[in-house]
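Build the full structure now, drawing on both the sequences and the hints.
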Amino acid sequence: MKLDYLQALKRVDEARGVWILHGQEPLLEQNLLDAFRASWQKQDIERQRYDLNSVSDWKNVFNALNSLSLFSSQLAVEVHGNIKPDASTLKQLKSYIQHNEQNLLLVVMPKQDNNSLKSSFFQLIDANGVNVALTANYPKDRQQILGLEAEKLGIQLGHDAWQWLEQHHEHNLLAAKNSLMRVSDTFPEIQQIQIEHLHACLQDQSRYSTYDLNDALLTGNLAQAMKIFQYLMASGEAMSLILWSISKEMRLLMQLFEQPQNALQLGIWKNKVSVYQQALRRLNPNSFLQWPALLLRIDAAIKGMSKENPEHLVLQAITELCGKTLFASHSA
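In the numbering used here, the protein residues as written are 29 to 360.
Bear in mind the hints are in silico, worked out from the structure with no lab data behind them. Any given hint could be a false lead.
Label pairs and their computed distance ranges (CB to CB) [as the list claims (entries may be wrong)]:
hint: 1; residue 1: N299; residue 2: H127; range: 26 to 34 Å
hint: 2; residue 1: N156; residue 2: E74; range: 21 to 29 Å
hint: 3; residue 1: S263; residue 2: S116; range: 47 to 55 Å
hint: 4; residue 1: D188; residue 2: H127; range: 48 to 56 Å
hint: 5; residue 1: K180; residue 2: S82; range: 33 to 41 Å
hint: 6; residue 1: F285; residue 2: E42; range: 18 to 26 Å
hint: 7; residue 1: E339; residue 2: Q318; range: 16 to 24 Å
27 Å max Cα-Cα, derived DSS-like pairs, lysine-lysine [what the hints assert, rightly or not]:
hint: 8; residue 1: K168; residue 2: K331
hint: 9; residue 1: K139; residue 2: K87
hint: 10; residue 1: K146; residue 2: K276
hint: 11; residue 1: K146; residue 2: K30
hint: 12; residue 1: K30; residue 2: K168
hint: 13; residue 1: K139; residue 2: K122
hint: 14; residue 1: K87; residue 2: K38
hint: 15; residue 1: K112; residue 2: K146
None of these values were measured; they are calculated from a predicted model. Don't be surprised by glycine CBs; every beta carbon is placed ideally from N, CA and C.
What follows is the structure in structure tokens.
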């Protein structure tokens, strides 16, 4: 079964079997995970988390699903990574689906390409579980999602204000949510937010944004990128948003290197194509091999899943994107 984000939110409490969440919208992923975790706590469902670093890690997942603790009657296993099961592990997945009706296997993956979505793993989940694409491709969808965020804050936006917010953040839902929080804090007595409130609040408080950081990274301006990063940290910008921004540029550059003729199809704006092409000429493609692991390390550090310093790792990513080296690439 395929569900979108809003449909999935309504079914969290009844989730059993196997669910997969995939996409590159950190706001949608975090909101759904928060909803799942709150639901498990409310229902006294034991939660375990596993991170996939190799195919063999799937064996640990199924061992967990098949062995409840003495104090639990239900189990939710949360799995993060981009490694699909191999043939033998797929058999275990089929067996789990057929015989384990009370537990939940929740798999969280980054955005998948069309070939991946046609794989036997996704076909099995489409037929026997729940497949949630964390996307919001249309303005109506984004406004509906952000409308729920505004409702949580007790504010409403006028029609023109929605359009301004959409254009200001270039469809970045997490950045838009942060702006809603900022305008709500700045004008606590106003429920109906208009363009002038957004403009005054965001222009006054955002001397630099993650978009300025991206521009500095793509042009290889390390000094400016460091300055903007330090400003963002001092102004309380969410580390998850900074990671999302850096991750987006790294993935676009890697994709463009593999598909140099498909810049527009990859989502690069027409007036930015030459900037990305120049960045590729400046960078050493061999460095791309280290980027996915570095992004995973940053994510783990932000979530407190490792002892590494997330700021140090983000600085490493910034220097990598600028074509320089700041820290050694191996784990501390």
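Hint-by-hint comparison with the structure:
Taking 26 to 34 Å as the suggested C-beta distance range, the pair N299 and H127 does not conform, at roughly 55 Å. A C-beta distance of roughly 23 Å is found between N156 and E74, which places it inside the suggested range of 21 to 29 Å. For the pair S263 and S116, the supplied restraint of 47 to 55 Å holds, since their beta-carbon distance comes to about 50 Å. D188 and H127 have their C-beta atoms about 55 Å apart, which keeps the hinted 48 to 56 Å range intact.
Separated by about 39 Å at the C-beta atoms, K180 and S82 satisfy the suggested range of 33 to 41 Å. A hinted range of 18 to 26 Å is violated for the C-beta pair F285 and E42, which are about 43 Å apart. Checked against the hint of 16 to 24 Å, the C-beta distance between E339 and Q318 comes to roughly 19 Å, which is consistent with it. Between K168 and K331, the direct Cα distance comes to roughly 31 Å. Violation of the 27 Å bound is thereby established for this hinted pair.
Distance check on the hinted pair: K139 and K87 sit about 23 Å apart at the alpha-carbon level, within 27 Å; holds. Straight-line distance between C-alpha atoms of K146 and K276 comes to about 24 Å, which keeps the hinted pair within the 27 Å bound. The straight-line distance between the Cα atoms of K146 and K30 is roughly 13 Å, inside the 27 Å bound, and the hint therefore holds. Only pairs whose Cα atoms come within 27 Å are accepted, and K30 paired with K168 is accepted, the gap being roughly 19 Å.
Between K139 and K122 the CA atoms are separated by roughly 23 Å; this keeps the pair inside 27 Å, and the hint holds. Distance hint between K87 and K38 is unfulfilled; the C-alpha atoms sit about 31 Å from each other, more than 27 Å. For the suggested pair K112 and K146, the alpha carbons sit about 12 Å apart, so the restraint of at most 27 Å is met.
Checked against the numbered hints listed earlier, the structure breaks hints 1, 6, 8 and 14; every other hint is satisfied.
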